[in-house]
Structure formats: C-alpha cells, structure tokens
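Peer 1: Take a look at the letters that make up each chain.
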Amino acid sequence: MSGVRVLVGTRKGAFIMESDGTRKSWKIGGPYFAGWEIYHVKGSPVDPNRIYVSQTSGWFGQQIQRSDDGGKTFEPVGNQFVYDGVPGTHQWYDGTPHPWEFARVWHLEPSLTEIDTVYAGVEDAALFKSTDGGGSWSEVSGLRKHGSGPHWQPGAGGMCLHTIVQDSANPQRIFVAISAAGAFRTDDGGTSWQPINRGLKSAQIPEEEAEVGHCVHRIAQHPSRPQTLFMQKHWDVMRTDDGGDNWREISGNLPTDFGFPIDIHAHEPNTIYVVPIKSDSEHFPIDGKLQVWRSRTGGDEWEALTNGLPQENCYVNVLRDAMAVDNLDSCGIYFGTTGGQVYASSDAGDSWTAIAEHLPAVLSVEVQTLP
Amino acid sequence: MIRVVLPAHLKTLAKVDGEVRVNVDGSVTQSAVLDALEAQFPQLRGTMRDAITKKRRAFIRFFACGRDLSHEAIDAPLPQAVTDGSEPYLVVGAMAGG
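Protein chains in written order, with our numbering: chain A, 1036 to 1406; chain B, 28 to 125.
By construction, these hints were calculated from the structure, which means they are not laboratory data.
Note that beta-carbon positions come from the ideal geometry of N, C-alpha and C, so glycine has one too.
Heads up, a few of these hints could be off.
Unchecked claim - From the structure, some residues in chain B lie toward chain A, with a derived Cβ separation under 8 Å: (1) His36; (2) Leu40; (3) Ala66; (4) Gln70; (5) Thr74; (6) Ala78; (7) Ile79; (8) Phe86; (9) Ile87; (10) Gly120; (11) Met122.
To be verified - Dumping the calculated DSS-like pairs for lysine-lysine here, alpha-carbon to alpha-carbon at most 27 Å: (12) Lys1164/A <-> Lys81/B; (13) Lys82/B <-> Lys1164/A; (14) Lys1180/A <-> Lys1236/A; (15) Lys1047/A <-> Lys1062/A; (16) Lys38/B <-> Lys1107/A; (17) Lys1059/A <-> Lys1324/A; (18) Lys38/B <-> Lys1047/A; (19) Lys1236/A <-> Lys1313/A; (20) Lys42/B <-> Lys1047/A; (21) Lys42/B <-> Lys1107/A; (22) Lys1107/A <-> Lys1047/A.
Chain B on its own, in the form it takes in the complex (with noise of 0.2 Å):
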C-alpha cells in the first residue's frame, strides 16, 4: 500500500480524515500513484492535475522523503521507502496567494 498525505481541501472534497492508502499495480511512479488515488477518489480528478493533458496544476507540488519531486519524470520509479509504504507521498499546496 502507497501512503498519500494530501492537502485540507482536498481530505474534506475526498471526505477522509489522515493519510489515503491506494493500491498500485505494477510499477510505483508518480504517474500510478496518481492514477489510483483519482480511481479510488473520483471527485479528485481534476484537482490536482488537469483531467485531459495529466499536467500537473500550478499551484500543486509533490514531495516524497524530503525532496520535491514535482518537476521529475511522471513515470520515474518512486523512492523505494515510498513502495515500502515507509515514507508517504505527499500532494503539497503551494503557499501562493496569502
């Protein structure tokens, strides 16, 4: 199982309380995790990053064991404390705005 931690706002649109658990099949990459979590929790489409192109949103950042990950390859392999379920992938709100 893959930890997610996501923002406020998304927890209260997935109506989930802590961290998400979602199943990954085959390789763990940004891309699959991504997957899942929007197969699991379909009100999250769109919100994190564009429904059709799958670019991620301006305001969204990904961060996994202390590195932001947001501009690496989309179907690069997760760190391995992240597969292990260790470590959990976070889906960051950038502080933008006020």
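For reference, chain A alone in the conformation it holds in the complex (with noise of 0.2 Å):
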C-alpha cells in the first residue's frame, strides 16, 4: 500500500510524520534539529529519499541539511550564498537604499526532474541554484539584476523570496514570489525575469497598480494546466490563464480575502484551498473559527471547510508554506499553524483530524506520496 510523509519545519526542529495510505494512523519523528528554525523541508519529486532542510538561527546563521535516505539521516551540505558581483541596495522600510543581506533561506524548491538540481529562495530576496545536491551555490541573478530590484521593499516578516514554480510544461520557465515585489517569470531557465504583476492591485503602496511592490504571499500551478496559477496576495485572491500576463481577482464570497497559503486539489486543477486571515495586524481567523475555505470553480464561489477544525476560541495563523496535497485517489490536505497543530484532510477537506498538537509554530508543511 502507498504511504503519505508529512515534512513540517517549526520554529524550533522538525518533524516527519508517516501513514499508510489510510491515514488514519500517524507516527511522528522528531524533533530533527531540535532549537533551531527550521523554514523548509521538502522532498525530491525525483527520488522520494532525498530531502533537504533549511536549518536557521539567529545566533548561527544557515545551514542546508541533506537526507538520502528518507530522512533516517541527514548530512548538513553547502551553506554559503554569495549574492552575485556587487549586491547593491534595494528599498528599506522607510524607503531609503539598503544594502543586499543575506539572512536566511525561506524556501527550497528540489528540481522536477535532475536530482542533484535544487533552487533557494532566499531573505534578502534572491534565488539561488545548486547542481550538486546542495554542495555549492550560485545566484541565479538574473532575477536581482532585471532592473527593478533596487525599488524593492521588504514586508513585515522581511524581503523574502518565499515562492518557486518550476513550470511542469516548460522546463525553461519558473515562477517566483517576493514579499512585498511581486511575482516574476522567466523563459529562458533563470537568465532574464519579468515582473508578472498586471491586474493586481495594492492599496497599501502609492500606486496601486505598480508593475512591483506587491505583497504576493503565495502562487500556486496544477500540473495539468501550467498556465493557469493561482494567487493569495497580502489581500485578495488572484488567478492567472495566460501564465502570469494578467491577474484577475476570484475572491468572491470569501469572509475576508487576506490570508498567506493557497494550494491545489491534487486531481482537481479547479479546486482550490485558502485560510482566511482577519487582516493584516490580526493575524488569526474571524471570530476564533479555523476554517479553509475551498472553491471548485476556480475561484469566485467558495465554501467553508469546517468539520473537525476548532470552531471557538482559535486565534493561530497557518503561514504561507504550511499548507500541501498530496496525490492519494482522494486527495488528502494539509496544514499546519503557528500554534503547533497539523491538521489533515483525507477527503478533499471535507473533514479534519490534528494529526500533531502541540508542536512549536509550524512555518511550513510538505507531503511527499510514497509508492
């Protein structure tokens, strides 16, 4: 029978939880890197053995932490990220130049197809590429250099490259997100970029329709369909048909469109899942109620996925890399939240179990399907 593992990075370890392909029953291991932060954990679609981590701390900077083994046992690998030629600046929060920091790596995103290929995204935003299984890494900075990289800003949680969408069509395409920038693409596998940020719109900076500056928290692309992805900005919910040209708002009846993580029905490429969020300063769910909301029409028309989710008293916030599918016949869905629960839906988010508790603050939920 095919297994599900579930690859949760919090702030303080991470986790790997195991089932069958049940899931009903659930083994948890860990902490793996017990105190540090752990942004991101994310396995090879080429080889479910090998999985990276990115391992941070404030007191000891980065490191990136390699399992070939299926997370049995891990190897730290390269951990320097050298930003390409002479940084520069970009905006700080009171608009004034700042030069390029390296702090940490929000994201990792293993290639689709070469095993020893992963990209990282990295806070102050960049991406970064390795070819030797995460031995040594280059800037693929072409995104930094395209032009408008010194207008960029941070948001609150930093100037962080959080998103990467390696195109399931196009090898030489990749999407990235950038908080508070916007979305890029490129088609030529990382020597030119383009903003891709036509149609959206942010009150929040002096001009709302500004080709960057945008709080993208979260795009998401279906396999089945690349040029079709969809959108959780800071606030509202985009979709793109053209690959990124022009965005369209499918917020529709959702309580409140703010919110950080979007994902896809693994079997359904018109099924969508968001987390409402009360707003930008309450970062929690309206009236204490935990809920995904789910649209099968591709946005517009949304419903409340609430059985088995707390209902009073529930004010955690689920962050933009906390919330993945997996590929089972009925698509299970994950998510994880800053007051340490990992919930799971084995039925499309018809219903929820809390697969784990009491964890620290989950920044990030992966889930790998095993044969």
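Each of the two chains sits in its own frame; use the hints to bring them together as a complex.
Peer 2: Shown next as structure tokens:
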C-alpha cells in the first residue's frame, strides 16, 4: 500500500510524520535539529529519499541539511549563499536604500527532473541554484538584476523570496514570488526575468497597480494546466490563465480575502484552498473559527470547510508555506498552524483531523506521496 | 593542542561531545584557532563568523581565562594558558531572545 510522509518545519525543529495510505494512524518523528528554526523541508520529486532542510538560527546562521534515506539521517551540505557581484541596494522600510544582506533560506525547491538540482529562495530576496545536491550554491542573478531590484521593499517578515514554481510543461519557465515585490517569471531557464503583476491592486503602495511592490504571499500551479496560476496576495485572491501576463481577482464570497497559503487539489485543477485570516494586523481566523475555504470553480465561489476544525477560541495563523496536498486517489490536504497543530484531511477537505497538536509554531508543511 | 568548548548546537552540528581539541601551527591567535576549528569541522563554517568576511556573528562571543575576547584583535596572541592547553577557548552563544 502506498504511504504519505508529511515534512513539517517549525520554530524549534523539524518533524516527519508518516502514515500508510489510509492516513488514519500517524507516527511522528522528531524533533530533528531541535532548537533551530526550520523554515522549509522538501523532498525531491525525482527520488523521495532525497530531502532538503533549511535550518537557520539568529545565533549560528544558515545550514542546509540533506537526507538520502528518506529522513532517517541527514548531513550538512553547502551553506554559503553569496550574491553575484556587488549586491547593491534595495529599499528599506523607510524608503531609503539598504544593502542586500543574506539572512536565511525561506524555501527549497528540488528540480522536477534532475536529482542533484535544487533551488533556494532567500532573504534578502534572491534565487540560488545548486546542481550538486546542495553542496555549492550560485545566485540566479538575472532576477535581482533585471532592473526593478533597487525598488523592492521588505514586507513585515523581511524581504524574502518564498515561492518557487517550476513550470510543469516548460522546463525553461520558472515563477517566483517575493514579499513585498511581487511575482516574476523567467522563460529562459533563469537568464532573464520579468515582473508579472499586471492586474494586482495594492492599496498599501503609492501606485496601486505598480509594476512591482505587491506583497504576494503565495502562488500555486497545477501540473495539468500550466498557464493557470492561483495567488494569495496580502489582500485578494487572484488567478491568471495566461502564465501570469494578466491577473484577475477571484475572492468572490470569501469572508476575508487576506491570507497566506493557497493550494490546489491534486486531481482537480479547478479546486483550490485558502485559509482566510482576519486582517493584516490581526493574524488569526475571524471570530476564533478556523476554516479552510474551498472553491471547486477555480475561484469566485467558495465554501467553508469546518468539520473537525476548532470553531471557537482559535487564534492561530497558517503561514504561506504551511499547506500541501498528497497525490492519493482521495486527495489529502494538510496544513500547520502557528499554534503547533497539523491538520489533515483525507477527503479533499470535507473533514479534518489533528495529526499533531502541540508542536512549536509551524512554518512549513510539505507532503510526499510514497509508492 | 588547543582546547575549545563549543555551544550545544554547534557540538550537535559537529557531531562531538565535550571539548574539541585542535592543532594550531604557528602563533596561537583567535583567527588561527577558528581556522583550525573550521578545517577540522567544515560544517561549522559560517556559524561563528561570516564565511567570507570572517566577521564575528552578532550573537557569538569568544571567552578565555575569565575574559571576553570578542572585541580583541583577531590576530593577537591568545593567553598562554590557552596556548598550553591548561584553559579552554570558549565559543559562546549569547543569551539573547529569551
């Protein structure tokens, strides 16, 4: 029988949860790298035994750990992230120029096809690539140098490149998202980049429809429909059907269109999930009711999913990298909270169960569907 | 041999228990000790000081013989007691952040 492995990054270590395909009983392993902030743990689509971990600390800096045996053991690999050339400056919070400084790796995205190739999204925002399994890293500097970089500004969480989407149909096309700069796309494997923010409107910036400056929280693409992407922006849930050239709002009847993660059903490219959060200062669910909202129509029309989720006195957040889906026939949806719960649904969101309840604040959740 | 005491997280990263002992050729300075430490345990590169600039990380301190050496010249000789191994060189994670 197939199985599922859930990779959880938290403020104080990583956890690995495993179940068989029924997803009824879970074994929790960890904490791994106890005491360190684990921004992201992600497995390779080429070989599920290859897992990368971003391990970071305000005291000791950045480490990248790699497992080649499905998380049984890890070894530190390369941790030098050096910007290409003279890094220059971006905008600081007060609008003054600020030197580019590496802080941490937010997101690791292993290649869809090459076992030893992996991308890293970092703060201050840049994209790095390794072709030797994380041993050494080179900046994909065409992104930072394409022209708008000096105008990028940090969001409240720092100026981070947090989302990397490799196009399922075109290996030369990659999408990234940066807070608070926006979404960007390359069509030549990373040499040249362009902002793809047309249609985004952000009242928090002087020019609402500026080319860059938007606080994009997450974008997601279904492999069967690569021209369509969904976006959870700071405010607004958005959709593009032309690879990011134009976006339109699909927030519809959501109770609030603020949130962080967005993800797509493994087998239904028009079924999407968000977690509405009250506002950009009150980072918790409305009225203390934790709800995932699902649209089966690719947006605009949404329904609340509440069965098994706390519907009173719940004031947690769900961060941008903390939702994922499995590929089993009945699609599983998973998300983690800043209160340390990891919730799972084995029926596409109709019902939920807490598979962990008392972890440190969850930063990221990824899922591997095992053969 | 120079005795070095690492903070718990760096011991875990280096996969060692207790003190670490490193060989330093030539003058025993903070820079030479850290170079030797990083050569013996490459996974510690970047954890105590920037891997490129060699600047001490903000929340790392270096102590020896009851003194805070964090702001001493990195190429100044360490106390004789560290050089002869009677006292350890301490790498300390600052108490910060609760």
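Peer 1: If a hint holds in the structure, say so; if it does not, say that too.
Peer 2: Here is what the structure says about each hint:
The restraint placing His36/B at the interface with chain A holds, with a minimum CB-CB distance near 6 Å, inside the 8 Å limit. A least Cβ separation of about 7 Å between Leu40/B and chain A falls short of the 8 Å threshold, and the interface hint therefore holds. With 8 Å as the threshold, the beta carbon of Ala66/B stays out of range of chain A, its nearest partner Cβ sitting at about 15 Å, so the hint is violated. Evaluation of the Gln70/B hint against chain A yields a held restraint, the C-beta minimum of about 4 Å falling below 8 Å.
At its closest, the beta carbon of Thr74/B sits 4 Å from a beta carbon of chain A; the interface hint therefore holds under the 8 Å criterion. The beta carbon of Ala78/B comes within 5 Å of a beta carbon in chain A, closer than 8 Å, and the hint placing it at the interface holds. At a threshold of 8 Å, the smallest CB-CB gap from Ile79/B to chain A is about 6 Å, leaving the interface hint in force. Interface restraint check: Phe86/B against chain A, minimum CB-CB distance 4 Å, threshold 8 Å, status holds.
With a cut of 8 Å, the hint placing Ile87/B at the interface with chain A holds, because the nearest CB-to-CB distance is about 7 Å. Given hint, Gly120/B at the interface with chain A, holds; its Cβ is 5 Å from that chain's nearest Cβ, closer than 8 Å. Interface hint status for Met122/B: violated, as the beta-carbon distance to the closest one in chain A is roughly 10 Å, over 8 Å. For the hint linking Lys1164/A to Lys81/B, the alpha-carbon distance of about 24 Å falls within 27 Å, and the restraint holds.
For the proposed pair Lys82/B and Lys1164/A, the alpha carbon gap of about 25 Å is at most 27 Å, so the pair holds. With a C-alpha separation of about 24 Å, the suggested pairing of Lys1180/A with Lys1236/A holds against the 27 Å cut-off. Proposed proximity of Lys1047/A and Lys1062/A is supported: the alpha carbons are some 19 Å apart, at most 27 Å. Straight-line distance between C-alpha atoms of Lys38/B and Lys1107/A comes to about 20 Å, which keeps the hinted pair within the 27 Å bound.
At roughly 24 Å between alpha-carbon atoms, Lys1059/A and Lys1324/A fall within 27 Å of each other, so this suggested pair holds. The hinted pair formed by Lys38/B and Lys1047/A meets the criterion: a straight-line CA distance of about 17 Å does not exceed 27 Å. Between Lys1236/A and Lys1313/A the alpha-carbon distance is near 19 Å, which keeps this suggested pair within the 27 Å criterion. Simply put, Lys42/B and Lys1047/A have alpha-carbon atoms about 19 Å apart, close enough for the 27 Å limit, and the pair holds.
Straight-line distance between C-alpha atoms of Lys42/B and Lys1107/A comes to about 16 Å, which keeps the hinted pair within the 27 Å bound. Using a Cα cut-off of 27 Å, the hinted pair Lys1107/A and Lys1047/A holds, with the two alpha carbons roughly 19 Å apart.
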